[in-house]
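Asks: Chains as they are written, first to last, in our numbering: chain P, 1 to 752; chain W, 753 to 949.
Keep in mind that the hints were calculated from the coordinates and are not lab data. A virtual CB, placed ideally from N, CA and C, is assigned to each residue, including glycine. A hint or two may mislead.
Said to hold, decoys possible - The following residues of chain W were derived to be distant from chain P, with all beta-carbon distances above 10 Å:
id, residue
1, 810
2, 848
3, 849
To be verified - Simulated pairs of lysine-lysine, DSS-like, Cα-Cα distance not exceeding 27 Å:
id, chain 1, residue 1, chain 2, residue 2
4, W, 930, P, 576
5, P, 327, P, 181
6, P, 576, P, 695
7, W, 902, P, 181
8, P, 355, P, 308
9, P, 646, P, 711
Claimed, not checked - Stretch-level coverage of chain P by chain W, calculated; a stretch enters the list once three of its residues show a Cβ under 8 Å from a Cβ in chain W:
id, segment
10, 69-76
11, 175-188
12, 201-208
13, 577-583
14, 742-751
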Amino acid sequence: MSSAPDSLLGLFQVEAGSQTALLNQRLLDLERTPQDSTVIEALMRAAHSLKGAARIVGLATAVELTHAMEDYFVAAQRRNITPNREHIDALLSSADTLAHLARVPEGEINHWLESHKTEFKERSSALRTLCSRPEATPRIPSEDERTTPDLTQAAQSSKLTLVQNTPTEIDERMVRIDAAKLERLIALAGEMVVESRGLSSFISALSRLKRQQTELHRALDSLHNAVLEKQSDGHVEAILQQLQRKATVSRAHLSAQLIGLDDYERRHAALFRQLYKEATTTRMSPLAEGVQGFDRIVRDVACSSGKKARLEITGLATPVDRDILEKLRGPLNQLLCNAVVHGIEPPQQRLAAGKPEEGMVQLAARHHFGMLQVRVSDDGQGIDLGILRQELVDKQFTTADMAARMTEEELLEFLYLPGFTMKKQATETAGRGVGLNIVANTVRAVGGSIKITSEPGQGMHFQLQLPLTLSVIRGLFVQIAGEPYVFPLTRIESTLTLGKADIFSLQGRDYFTLGRETVGLVAAYQVLGLPPPPENQAQLSVVVLGDRRNRFGIVVDRILGERSLLVQPLDMRLGKVRDVSAATLMDDGTPALIVDVDDLVRSIDNLVASGRLTPMERADGARTSGGHKRILVVDDSFTVREVERKLLEAAGYQVEVAVDGMEGWNAVRTGNYDLVISDVDMPRLTGIELVTLIKQNPVLRSLPIMIVSYKDREEDRRQGLEAGADYYLTKGSFHDETLLEAVVDLIGEARR
Amino acid sequence: VKHSPGTDHRADTTPQIYDQPLPAGYAESNAEFYAQPAPDREVADATPLFIFRIGPEWLGLATGMIDAVTGLSAIHRLPHRQVGVLHGLANIHGRLEPCVSLAALLGITAQARGYGAGRGHAYPRLVRIGKEQERFAFPVEEVLGIYRYKPAELIDVPATLALTLARYSRGILPLGDKRVGCLDESLLFNALARSLA
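If we strip away everything but chain P, and leave its shape as in the complex, we get:
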C-alpha cells in the first residue's frame, strides 16, 4: 500500500478511481432498472463530480468526456432518453477509459492523454450521438450555465469521496498506512506477548522468597518456644516478640505485593494478547474490496455469449485476509465466467424450462468453523452426469465400465483435470479446459479445498473452504539438526515414531511400511544441507509428507508440538532460500523456519536422483569420512554430466552433480568439495558467474575450479581464467586422458 498522494493530480486519480467504480456499479443497476431515478441521480452526481475534479487539474479531454456522460444522465432523468443495453455499453466503455486514466503513473498522465486523445473523442461523440437521436432531443446545458457552481461543488465532493473511498455497504472510515509499518507494529505486538511472559518467572521467584520467609518465621517461633522453656529474662523475650511482629508484617506485605503483581501480570498478558490479536486483524479487509467489478464481468460475459445473467453477492462485509483476497480474485473470476458460459442457459431455453429469463449467479461468503467459506452457485442447467460419463469415455479418460461405477463426486473430480472441458468450442472466457485446474491449484496452494455439487437442470455449486488468513497458520514444530523448524499442518499426512526394528532397507535405501504402502526415509538435516544433529536417538521421529505418487518420511531430531504461529516473510535481500518459505518466532522469541514443502519434495527428488542420499545409520559418517576426494560437476547437459561423472568415479573420486550454476552455487556452499568442474553456458547462473562468486567468497576462494567448455577460442579461455578458474579445458578432450590428468594436476590422486 502506498501513502496518500499529495499532488493535485494524484488526488484526482484517487477520486477518478473511486468514482469510476461507482459508475460501473450503478450502470449495471441502471441496466436492470432503467427508470430508477435514484440510480440516475447517483450516476449524474458521479459524472458531475468527476468533471469538476478534471477541470480543477486542467484535463480538458477528461472534462469533455465526463460532461458528455453527465448530459446523457440529465437527458435520462428528464425521460428524454431510455437507457438500453447499447447505451449502457457505451457508458461502461467511457467509464473504463476514465478508470484507465486513474491508473496511469502520475508523471505520464499528460503524455498518456495525448496518445489516447482520439479514444476520448470517440467515446464523447458516441455519447453525444445517443443523446441527439430523434427519439430524444435533450436540452444540452451550455458550458456557461453550469460552470460557475461546479468548481465549489466539485471541490467539496472530491474531499468527501477521499474519505469514503469504497462505495460499498461498509462506510467505516479508512486510512491508508504503509504496509511495512503495519508489519512492524504486528511484530512489536508479538514481541510484547513474548516479553510479558518474563514477568511470570519473576513472580515464581518471589513466591519462593515468600516460602523462605515463612520458614524463617517458623524458625523464629521455635526459637521463641525454646527461650520460654529455659525461663530466660524478659529482655530477650521482648526482643523476640518484636522480631516476630516484624516478620509477620513483612510477610503480610510480601503476600499483598505478590497478589498485586500476579494480578497485574495476568491483566498485562491478556492485554498484550488482545493487542496482538487486534494487530493481526489489521491484515483483514472486507470481501467487498476484492469483488469490485465482478458484477460487471458477469454482465459482459453474459452479453457476449447471448445470455442474460446477473450477479448477487452476499457477505460483502466478511473480513478476509488481504493476501487471500488477492489470490482469490482470479479463481472467483474464473468460476463466475464458467457459471455464465457453461451454467446459465440461453433465454429461450430458460423460458421453456419455466425459469426466469435472466439467470442468477450467486457469490456468498461467510466465516464457518474458523474457515472462510465462499460459494459460487448458478441456477443454470447443471451437469448431466450421463453426458459427463460419455465424455470421459469418448476422451479416453476411463473405460465405460469404470465410468458407470463412479460416484457423482468421483465423476466431478474429472472437471479439475487440465485439458478437460465440457464445452465443444473454446471461447475467450471459458471452455479451454484450463480454468478449473488453475482454480483448484490456487485454492490448494493457500491451504484450502474445493467441492463441486451439481443438480441437473437446477444449477451448479462450487464451495471453496479457505483459511481465514495466510499470516497465521497452524504448524508442527520440529527440531532438525538442533534447530526449530515448522511444517504447515495442512501439508503433513501424519507423524510417527519408529524403532530400529520398524526400518527396512533395500539397495541402501531405508524405508518403513505404512499399512500396505512403503515409505522411503530421508534425514531432514541431509536434505537441508545441515550438519548431522549432535545426539543420535534410539527412536526416529518421522513426519510423513507428499502426495500419493511420492510419499516421503522425513526424519527429524524430535517433534516439539503443534500450535498457531504468525508468519514473517524472509528478508527480501536473502532471495529465495531453498526449502524455506518464511519464518516465525517461538514462544520464547527463538526464530524458527517454516519449511517450503513443495521445495523440499523437489530437493528430495534431486537428492535421490543424484545418488547423494545416505542411509540413516551411516548418515553421520558419510559426509566427513571418505578418504576419497570430492568433486562437484556443474553442467546443464545430462550427457556431459554423466560422462564426466563416470570418468571421475572410475578414477576413484567421489562425484556429485548440479544441473546449473545456481544449483552449483548452492551445492558448493554446503558440500565441502575439493574441486569444482563447471560448464560455461548454463541457465540461471553461468559458469563464469559461478567462478566469480566462488572466488569472491573468503571461505571458498581457495577451492580449485576447472572450466570445461565447447568454446575453444582464445578470448573464451582468457575470460574463464580471468574470472578465477584454475584450468580451462575444451569439451571433447575428455575422451582422452586430458580431463583426468588436469584433475590430478589440480588436486592430486583420488585418495586423501
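Once you have looked at the hints, place chain W on chain P.
Replies: Showing chain W alone in chain P's frame:
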C-alpha cells in the same frame, strides 16, 4: 575522554543501545574501569567510535551506524547456506534480521588470547547496524563502549594486513594497550549486502 553509558549525548541517534538490562558483574567491571584516571585528550571535533571485540581483535564502527545492541540470542542457520559470511536469522526486537559473521568476512580465525572465560567479564552481544531495509546483525564477543578520537590519532595498517583486514579498515586507533581497527563502513556494507544473496 570516555563517556559513561547513561550520559552519551549521541543517545538520540543510537536509541536502543543501552535499552538492555546489565548482566551481573557488568556494572562492577565498568566502575573499576572508570575509577582509573581518564587519559588526557581533547574532545572537540572528535569522532565517536563504537568499539567491540571479535576473537582477539578489537574493532570500531562509527556510532551513527549502530542501530541496536541486544543480548546474544539464538541465531537460526539457513539451510543450504552454510558456507560464507551469512550466519542465519536472529530475532531483534520482534523482527528477524539476517545475521552475518564479521569474523568470516574479515578472516578472523584466531581464538582470543587471554580473553573470554579466563577473564570472566566478557558479555557477548548482538549488534544491529544500518537503517531501514539495509540492516544487518552480527554477534560480538564483547562491547567496550563508545570512544571519541581525532583522525590524526589513527595510525596506518601494516603492509602485511593489506590482504585481509586492511580491505575493510581505515586505520588503527591505539587505545591504551589495545589496538582498535577502524572499519570502513561503506565497504563493509557493500560486502555484507553481497554476502546475503
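Asks: Regarding the assertion that residue 810 of chain W does not contact chain P, is the least Cβ-Cβ distance greater than 10 Å?
Replies: Holds, since 20 Å exceeds 10 Å.
Asks: When you look at the beta carbon of residue 848 of chain W, is every beta carbon of chain P farther off than 10 Å?
Replies: violated (5 Å)
Asks: When you check the alpha-carbon spacing of residue 355 of chain P and residue 308 of chain P, does it fall within 27 Å?
Replies: holds (12 Å)
Asks: With the threshold set at 27 Å, check whether the alpha-carbon distance from residue 930 of chain W to residue 576 of chain P stays at or below it.
Replies: Roughly 42 Å separates the two Cα atoms, so the pair is violated.
Asks: Are the Cα positions of residue 902 of chain W and residue 181 of chain P separated by 27 Å at most?
Replies: Judged against 27 Å, a Cα distance of about 38 Å means the pair is violated.
Asks: Would you check the hint for residue 646 of chain P and residue 711 of chain P, treating anything up to 27 Å between C-alpha atoms as holding?
Replies: Holds: residue 646 of chain P and residue 711 of chain P sit about 23 Å apart, inside 27 Å.
Asks: CA of residue 576 of chain P to CA of residue 695 of chain P, is that 27 Å or under?
Replies: holds (22 Å)
Asks: Under 8 Å between beta-carbons, do enough residues of the segment 201-208 of chain P, three at least, approach chain W for the coverage claim to hold?
Replies: violated (count 0)
Asks: Verify this for me: three or more residues of the segment 742-751 of chain P with a beta carbon less than 8 Å from a beta carbon of chain W.
Replies: n = 0 at 8 Å, threshold three: violated.
Asks: Verify the proposed pairing of residue 327 of chain P with residue 181 of chain P, using a straight-line Cα cut of 27 Å.
Replies: This hinted pair holds, its Cα atoms lying about 23 Å apart.
Asks: For residue 849 of chain W, is the shortest CB-to-CB distance to chain P above 10 Å, so the non-interface label stands?
Replies: violated (7 Å)
Asks: Taking beta carbons only, do three or more residues of the segment 69-76 of chain P come closer than 8 Å to chain W?
Replies: That given contact is violated, which follows from only 0 residues of the segment 69-76 of chain P lying within Cβ reach (below 8 Å) of chain W.
Hints 2, 3, 4, 7, 10, 12 and 14 from the list above are not met by this structure, while the remaining hints are.
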